[in-house]
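Novice: Sequence:
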Amino acid sequence: MEHSTVEKCTIVVRRLKPGPDVTESSTDVESIEQLFEHCLSLAEKHLLERLVISGRDGRGRKRALSFTFQSVSERD
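Counting from 1 along the sequence shown, just add 1 to a position and that's the residue number in the numbering used here.
Hints were generated in silico from the structure; no laboratory data involved.
Derived Cβ-Cβ restraints for the label pairs, each shown as a range:
1) L41 / E3: 32 to 42 Å
2) S67 / E38: 16 to 26 Å
3) G61 / G20: 42 to 52 Å
4) R60 / L17: 40 to 50 Å
5) R60 / S32: 21 to 31 Å
6) D58 / G20: 41 to 51 Å
7) E3 / E25: 30 to 40 Å
8) I33 / Q71: 15 to 25 Å
The model shown is predicted, which means the values in this text are computed figures rather than measured ones. In this text, a Cβ means the ideal position worked out from N, Cα and C, and glycines have one as well.
Please put together the full structure from these sequences, using the hints given.
Specialist: Have a look at this one:
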């Protein structure tokens, strides 16, 4: 049996701005520890939006898993 491989792991966050504006930014992480640390360091104005893991399956085909998170915030 051939093994799947992870090629890239990307965390996407949203940044709340005054008014209705929201922007997204992304950062690649190299390990589960770096992912954990990055998520813990998100400031109050950044919301975890999604985690995307890209790689190849056992047959060499490109695959991606996207984990989406819901965040709720109150805005003045």
